[in-house]
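Asker: All chains should be built: construct the whole structure from the sequences, respecting the hints.
Chains as they are written, first to last, in my numbering: chain Y, 2 to 266; chain X, 118 to 358; chain E, 45 to 303.
In case anyone wonders, no lab produced these hints; they're calculated from the structure.
A portion of the hints provided could be inaccurate.
[Stated by the list, open to error] Cβ pair distances, simulated, as ranges:
(1) Y/Q166 <-> E/P269: 35 to 43 Å
(2) X/M119 <-> E/F206: 34 to 42 Å
(3) Y/S248 <-> E/Q267: 20 to 28 Å
(4) Y/L43 <-> E/L171: 26 to 34 Å
(5) E/F206 <-> Y/A123: 52 to 60 Å
(6) Y/E117 <-> E/V70: 36 to 44 Å
(7) E/F72 <-> Y/K210: 26 to 34 Å
(8) X/G332 <-> E/R126: 36 to 44 Å
Built from N, CA and C at the ideal position, the CB exists for glycine as well.
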Amino acid sequence: MKLRVWLCVCWIGAAFLAVPIAGSFAADIGHRAPTDPLYLLLGSSKEGIGDLMFLKADAYFHGGIEDTFPEETAEQLGREGVIEDHHDHDHDAHAKNRLSHWDWVGSMGERLKNVEHIHLAAKNRKELLPFFALGTALDPHNIDGLLTAAYWLVRDYEKYDDALQILEKGRRANPRSWEIDEGIGQLYYRQKQFRRSANAFIGAVHKMKRSTVDPPRRAEIYYLLADSLDHSQRPAKAVKAYRRALSMLQPSMALYTKIQKRLKA
Amino acid sequence: MMHPITVENLVVRYAKKKALDGVSFSVKSGEIFGFIGPNGAGKSTTIKSLLGLILPDEGVIRLDGLSPGQARSRMKVGFLPEETTFYRFLTPLEILDYYGRLFGLDGKLLKQRITYVLERVGLAEVRHRRIGTFSKGMVQKVGLAQALINDPEILILDEPTSGLDPLARLELRGVLAELKKRGRTLFFSSHELSEVELLCDSIAILREGRIVRSGSLEEVVGTDRRKNLELFFLETMQAPT
Amino acid sequence: MTSTARILAMAKMVWVEIFRKKDFYVAFILVGVVLVYAANLRFYNIQGISRYLMDLGLALIFFSASLLTILLAARQYPNELRDRTLQVLLSKPVSRFEFVIAKFLGSLAAGLTCFILFILVFLFIVLSRAGSISWVTAFQTVYLFALNLAVLAAMTSAFSYFFTLGANVTTTFILYLTINLYGGSLGTAAAGLKGPAFIAAHVAYWVIPHFEFFDARQRFVHQWPALSAPLVFEVTLYAFLYTAFFILLGWSLLRRRKV
Chain Y
2 MKLRVWLCVC WIGAAFLAVP IAGSFAADIG HRAPTDPLYL LLGSSKEGIG DLMFLKADAY
62 FHGGIEDTFP EETAEQLGRE GVIEDHHDHD HDAHAKNRLS HWDWVGSMGE RLKNVEHIHL
122 AAKNRKELLP FFALGTALDP HNIDGLLTAA YWLVRDYEKY DDALQILEKG RRANPRSWEI
182 DEGIGQLYYR QKQFRRSANA FIGAVHKMKR STVDPPRRAE IYYLLADSLD HSQRPAKAVK
242 AYRRALSMLQ PSMALYTKIQ KRLKA
Chain X
118 MMHPITVENL VVRYAKKKAL DGVSFSVKSG EIFGFIGPNG AGKSTTIKSL LGLILPDEGV
178 IRLDGLSPGQ ARSRMKVGFL PEETTFYRFL TPLEILDYYG RLFGLDGKLL KQRITYVLER
238 VGLAEVRHRR IGTFSKGMVQ KVGLAQALIN DPEILILDEP TSGLDPLARL ELRGVLAELK
298 KRGRTLFFSS HELSEVELLC DSIAILREGR IVRSGSLEEV VGTDRRKNLE LFFLETMQAP
358 T
Chain E
45 MTSTARILAM AKMVWVEIFR KKDFYVAFIL VGVVLVYAAN LRFYNIQGIS RYLMDLGLAL
105 IFFSASLLTI LLAARQYPNE LRDRTLQVLL SKPVSRFEFV IAKFLGSLAA GLTCFILFIL
165 VFLFIVLSRA GSISWVTAFQ TVYLFALNLA VLAAMTSAFS YFFTLGANVT TTFILYLTIN
225 LYGGSLGTAA AGLKGPAFIA AHVAYWVIPH FEFFDARQRF VHQWPALSAP LVFEVTLYAF
285 LYTAFFILLG WSLLRRRKV
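Answerer: So, in structure tokens, the structure goes:
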């Protein structure tokens, strides 16, 4: 009986010590003491698993096929595959993994797998959602993943609140990311919450200064900022933003013409 | 007349070492044959060769006229190994049913045979208990029961009294005596020389893979009343090879 | 008594073993708990999401059934040897070939039974979520995995006459997992290598049993079209040949062994 008591004491004591010890180690290397239960459970593999969830979502979107660009894989392996083009799509192609004409193993493998490049039909896109939910929870630093998750939530299901929740969490985890601010701005813009969208685009514009961004993309953000400012009764700032956008565009571009019309209006 | 067990010039090698070197003997029908020797003499190797568990490198073995390598040669053979644990997750009833079926028994005949054998070895009360809960002696009894399930003509026993208390040994002696009365041929190896002396008609003494003495008990030990098998065995082992 | 009857009697003992020991029940409870938990998850309040459940369920079931089969097949011969029940068994009118076949069949039957029981639970949970599935693809998925278990049981059984129990389980498991993950792309990888690695990769490519052929989970989950009958026949033949190869390998290892 005494032995069991001592065993329990040792075990519970060790368990209680684990959290402050983990916190001390984290503080030593300059991080905040981890409080996230997923981090405590999975450690730094949490983010790796999260990224896998995004890859899984991509695979699901392509009908369960994981390697959607096999010609790239073949290149990386130092081999040129035999590529057959499917002319329905720009990306439709698959490389055959056969070693030679006599490679019946490769042939059987191909026939057993579905290599046709497909995209998930709209009614089935809900199947991606679990992986978005897990991916965003596990890896809030995967900016592309966060934006993709938000995009699909809004596009097919108009789940603006959930999408905003994901991006707000992403903004806290990635304070320097202009893409997330842009994403948040887009969501508020669509819901015609122009004050909020304006604030988000302002954040994006400031953060973009430290990044290399293509002028047309930059111009688009300025345009949306200007539009948001315009709709939220801040015309002077809107004009400034429109002019800024114009300065980044070629006169031949459609957006240039659009902004010019707005300015005239 | 063909003897149930015949062994001629049996040679078995483990790597380059000879475990058995030209062993020859035969066991008459209805006889109890004792096979004795010190540890490492080759008793178990001989028994395994009789059962086809080891294929001899040289020599001829016949079990009821057949080579032990043929599965059907073992139809009339029962074998009790030394220190077997059996399948701990089975009951004696299930083990006997299993082994009985391997001999082609089934239905009513198998049930009768199982009932008889369990009662004979004293395990009828515990037939539904898992063997994992049995004592060493009880497991040995299960071993004896499975050796008797096919009502064998030839019974081969490797250290049958190992792990048995005096009462159990007495019961075993009774079973073996009954089998002899029914004309069965028994071959057993044992360290219990008193048991061998009590039960056996003939013996063979094995030393370093060779038979140094064999024959009936009187022929081997002699008629001197001062000598018993144990004394004779010790003298034989101490004699130069 | 015929050889078949003896083989079936011995195989039955293997089958009984898995249900008398704890392995199966632990796996069954684990699979059940995970499936029920996963089935009750809600994502953004959207109903009818089921593919993740099918994917997770099948992965869990395939893994569990494979592991149970490996563990059972791997321990048959070593345990019989350790407990000396092998001597008792072979002292009966049982040939070594019958022994090898029986151990394989018993392991396969046990693995298949576990798999079927898991699948029934899986189907019950998935149907309550998804509403309908493609029964043809479902049958093909189950059938192909049954072939997978046959090759796996035969391979593990054969290795058990060569390796110790621990080495066998480790080797078989690693080999099985690696082939499932990378067997399909081994051909591509082999073509890009040079020297001894080139030779080794090619030899491996041709020699290994391609377990990935028997994995039709994605076909079922993503509602791909069913496989054609001639292709299923080819895969069956492939499985049969490898199973026969491993059984004969096991028998050749045991044939003249001193027990």
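Asker: Look at each hint and say if it fits the structure.
Answerer: Checked hints:
For Y/Q166 and E/P269, the hinted distance range of 35 to 43 Å is satisfied, since their beta carbons lie about 39 Å from each other. One distance hint, 34 to 42 Å for the beta-carbon pair X/M119 and E/F206, holds here, with the actual separation near 40 Å. The hinted range of 20 to 28 Å is not satisfied by Y/S248 and E/Q267, whose Cβ atoms lie roughly 51 Å apart. Distance hint check for Y/L43 and E/L171: the Cβ-Cβ separation is about 32 Å, which falls inside the suggested range of 26 to 34 Å.
Separation of E/F206 from Y/A123 is about 55 Å and conforms to the stated range, judged on CB atoms against 52 to 60 Å. For the pair Y/E117 and E/V70, the supplied restraint of 36 to 44 Å holds, since their beta-carbon distance comes to about 41 Å. In this structure, E/F72 and Y/K210 break the distance hint of 26 to 34 Å, their C-beta atoms being roughly 59 Å apart. For the pair X/G332 and E/R126, the beta carbons lie near 38 Å from each other, so the given range of 36 to 44 Å is met.
Comparing the model with each numbered hint stated earlier shows that hints 3 and 7 do not hold.
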